[in-house]
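Enquirer: One letter stands for each residue in the lines below.
Protein chains: 2
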Amino acid sequence: MRKLLFNLVAKFFCLNGIKNIVLIGAGNVATQLGIALQKSGKNIIQVFSQTEISAQHLAKILNTSFTTDLHLVNKIADLYIISVSDDGIEGIAGKIGSGLNFVVHTSGSKSMDNLGKASKNLGVFYPLQTISKDREIDFKEIPICIEANSMENLQKLRILAENLSNKVVEINSDQRKILHLAAVFASNFPNYLYSVAEQILKEKKLDFELLLPLILETANKVQSIYPLEAQTGPAFRGDDKIIRDHLKMLENFPDWQNIYGILSKGIRGK
Amino acid sequence: MRKLLFNLVAKFFCLNGIKNIVLIGAGNVATQLGIALQKSGKNIIQVFSQTEISAQHLAKILNTSFTTDLHLVNKIADLYIISVSDDGIEGIAGKIGSGLNFVVHTSGSKSMDNLGKASKNLGVFYPLQTISKDREIDFKEIPICIEANSMENLQKLRILAENLSNKVVEINSDQRKILHLAAVFASNFPNYLYSVAEQILKEKKLDFELLLPLILETANKVQSIYPLEAQTGPAFRGDDKIIRDHLKMLENFPDWQNIYGILSKGIRGK
Numbered sequence: 472m473r474k475l476l477f478n479l480v481a482k483f484f485c486l487n488g489i490k491n492i493v494l495i496g497a498g499n500v501a502t503q504l505g506i507a508l509q510k511s512g513k514n515i516i517q518v519f520s521q522t523e524i525s526a527q528h529l530a531k532i533l534n535t536s537f538t539t540d541l542h543l544v545n546k547i548a549d550l551y552i553i554s555v556s557d558d559g560i561e562g563i564a565g566k567i568g569s570g571l572n573f574v575v576h577t578s579g580s581k582s583m584d585n586l587g588k589a590s591k592n593l594g595v596f597y598p599l600q601t602i603s604k605d606r607e608i609d610f611k612e613i614p615i616c617i618e619a620n621s622m623e624n625l626q627k628l629r630i631l632a633e634n635l636s637n638k639v640v641e642i643n644s645d646q647r648k649i650l651h652l653a654a655v656f657a658s659n660f661p662n663y664l665y666s667v668a669e670q671i672l673k674e675k676k677l678d679f680e681l682l683l684p685l686i687l688e689t690a691n692k693v694q695s696i697y698p699l700e701a702q703t704g705p706a707f708r709g710d711d712k713i714i715r716d717h718l719k720m721l722e723n724f725p726d727w728q729n730i731y732g733i734l735s736k737g738i739r740g741k
Numbered sequence: 472m473r474k475l476l477f478n479l480v481a482k483f484f485c486l487n488g489i490k491n492i493v494l495i496g497a498g499n500v501a502t503q504l505g506i507a508l509q510k511s512g513k514n515i516i517q518v519f520s521q522t523e524i525s526a527q528h529l530a531k532i533l534n535t536s537f538t539t540d541l542h543l544v545n546k547i548a549d550l551y552i553i554s555v556s557d558d559g560i561e562g563i564a565g566k567i568g569s570g571l572n573f574v575v576h577t578s579g580s581k582s583m584d585n586l587g588k589a590s591k592n593l594g595v596f597y598p599l600q601t602i603s604k605d606r607e608i609d610f611k612e613i614p615i616c617i618e619a620n621s622m623e624n625l626q627k628l629r630i631l632a633e634n635l636s637n638k639v640v641e642i643n644s645d646q647r648k649i650l651h652l653a654a655v656f657a658s659n660f661p662n663y664l665y666s667v668a669e670q671i672l673k674e675k676k677l678d679f680e681l682l683l684p685l686i687l688e689t690a691n692k693v694q695s696i697y698p699l700e701a702q703t704g705p706a707f708r709g710d711d712k713i714i715r716d717h718l719k720m721l722e723n724f725p726d727w728q729n730i731y732g733i734l735s736k737g738i739r740g741k
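Order-wise, the sequence lines are chains S and U. Under my numbering, the first residue of the first sequence carries the number 472, and numbering increases by one thereafter. Under my numbering, the first residue of the second sequence carries the number 472, and numbering increases by one thereafter.
Okay, chain S solo, but in the shape it has when bound:
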C-alpha cells in the first residue's frame, strides 16, 4: 500500500521528469530505442556518434540534430542514454563531462559504476532483446531491466520504461550480468546453430525454408513448458546409432562435428 502510494506520488511529480533525451551512440539499440522513445512522446534532441555517417543516418530517421564531437553534446537534456559497445561506455562516460542531469547505459554486462562521475544521477536501461538496426521491434513485450542509484531515479526510469513496455523489472548489476550470460545461451548460440543448419542444407542444395516452422515451434514450445520437458531428438532418446551416423556425416566439418558431440553429450547427461 505504501509502495503504491509512493509510486502514485512519484508518478505525479515525475510525470514530465524526462522529456528531452540525448542518444549517445547510433547502433542497433540506440536506433530502435530512439524510434520507440520518440513514438512514446519523448523528444530526442540530439544524436552523438563518433562515426559521422551513423550519427547522420539516425538523426535523419529521428528528424533531429547530430554531432560527432563529445564537447558539442547538448548539456541540458533530462537524460543521456549511452548505447555504445560495452568497451566504449567507460571512455564516453569519462569524457562527456560532469554535472549532466541523468546518465544511463543500455548494456547487459556492464555495471552502473562504469558511468563514473558523468552525473550524480546514474542508471541502467537494458532492453533484453536481440535488436537489429533495420528491424523495427515492438517494445511492449520486451523486458526492460532498470537500475538506478536512487529511488527517485529508479522511479523516473520506471515511468520511462513503462511507457514502452509491459514488462519492466528492477535488476541490479550482478543479476543483469547473469541475465546477459543466459541470453547468450538463449539467443546468440541458437542463432549460430540455425546458421550451421542452413549451411548443412546448402551443401546439399536443400532449402533452409524447410526448417523455419521447426525453428519457430521449438521457440514457441518453451513459452509454455520448460525446455527440459520439451527436449526431443536422437540424443534425448539415447539413439546412439543415429548419433554415430550424424557424426560420420559431419566428418568433413570437424568444428560442427565437435559441436554436435558436445551438445549431444550435454543432452544425454541430463
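Do not rely on the hints blindly, as some may be mistaken.
A pair holds if it fits inside one copy or across any two, identical chains being indistinguishable in the list.
Claimed, not checked - Quick list of in silico lysine to any residue cross-link-like pairs, SDA-like style, CA-CA up to 20 Å: (1) K513 with K546; (2) K676 with L699; (3) K675 with L699; (4) K566 with T539; (5) K638 with L681; (6) K736 with F724; (7) K513 with N534.
For the record, the hints were derived by calculation from the structure and aren't laboratory data.
Guided by the hints, dock chain U onto chain S, whose structure is given.
Expert: Here is chain U on its own, set in the frame of chain S:
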C-alpha cells in the same frame, strides 16, 4: 501443364485411395499424426504398440481398437504408418507380415529400404517438426517430406499429405538424412541451450520468463532474414573482454564453459 494434368487425373483416381489406416506405434508422432489424419477424414482403424498402456491410451483418444500383438494387426488397411523409434522400424517391418497394401515409416533418418518386404508398396511420410505427445499441433504449416517406391504411391502419399499440410515436398532418403541432421542443429540443440539458460538463471533465482520474448524474436528473425545476417552478441562483435568474463562466470560449470567457448569460437570464425 502435363504434370498438372497428371496430378488431376491421379487425384481423381486416388481420391479414396487411402481411407483406412493402421498406426504402428503410439508415441509422440503417431499420436499427433493420428489425431490430424482422423480430423482430415481418415479412419484410424487400429493402433498397435508393444506397450499396452500406450496403445490403449492412443486408441482411446482416437476412439478405435488396439492390439499389442503384431499377429493381430488388421491385414486389410489401405495404409500402415510405422511410427516407432528408429531402431525399431526394421524389426517391426520384418515381423508385420507381407502382402500388406501400403507401408510407410515416419523417420527422418531411416531409408525407405528399411521397410523390407512388408509390402510391394513402400514409402516415407516424414513431418519435419518437433512433436510432443500432449501438445496438439497444426500440420498446415509443417513440411511433410514424402518418398515412395513408385509414382502411383508417391501420388497417394502426396494427396494424403496435402490434406494435412500446405508444404508437401518430395525428398529422397539421402536428402532426408541431411534434413534430419540439420533439424537437430536447428531444434534439438537450441532447445538444450534454452535449458542451460534456464538453469543459469535458476542458480541465481532469476526467472526464465524474462528470456521468453528474446527466444521468440530470435526464431522469428530468421523467418525473414538469414541467420548469418541476424547474428548478434559478444562473440559476433569480437568483444573478448565480455567473453572472458562469461567464461569466468561459468567456471563451476565446466561443461557449459566448454559449450560457451566452442560456440563463441564458431561465431568468431565466420
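Enquirer: Each hint needs a verdict: does it hold in this structure or not?
Expert: Right, here's what the structure says about each hint:
Taking the closest pair of Cα atoms, K513 and K546 come within 20 Å of each other only inside a single copy of the chain (17 Å); across copies the shortest separation is 72 Å, beyond that limit. For the identical chains of this complex, K676 and L699 are inter-copy neighbours only, at 17 Å across copies versus 33 Å inside a copy, given an alpha-carbon limit of 20 Å. In the homo-oligomer, the alpha carbons of K675 and L699 lie at most 20 Å apart only across protomers (18 Å), although the nearest pairing inside one protomer, at 32 Å, exceeds that limit. In this assembly of identical chains, the alpha carbons of K566 and T539 lie at most 20 Å apart only when taken from the same copy (13 Å versus 77 Å across copies).
Taking the closest pair of Cα atoms, K638 and L681 come within 20 Å of each other only across two copies (9 Å); inside a single copy the shortest separation is 33 Å, beyond that limit. Taking identical chains as interchangeable, the C-alpha atoms of K736 and F724 lie at most 20 Å apart whether they share a chain (18 Å) or sit on different chains (14 Å). In the homo-oligomer, the alpha carbons of K513 and N534 lie at most 20 Å apart inside one protomer (13 Å), although the nearest pairing across protomers, at 60 Å, exceeds that limit.
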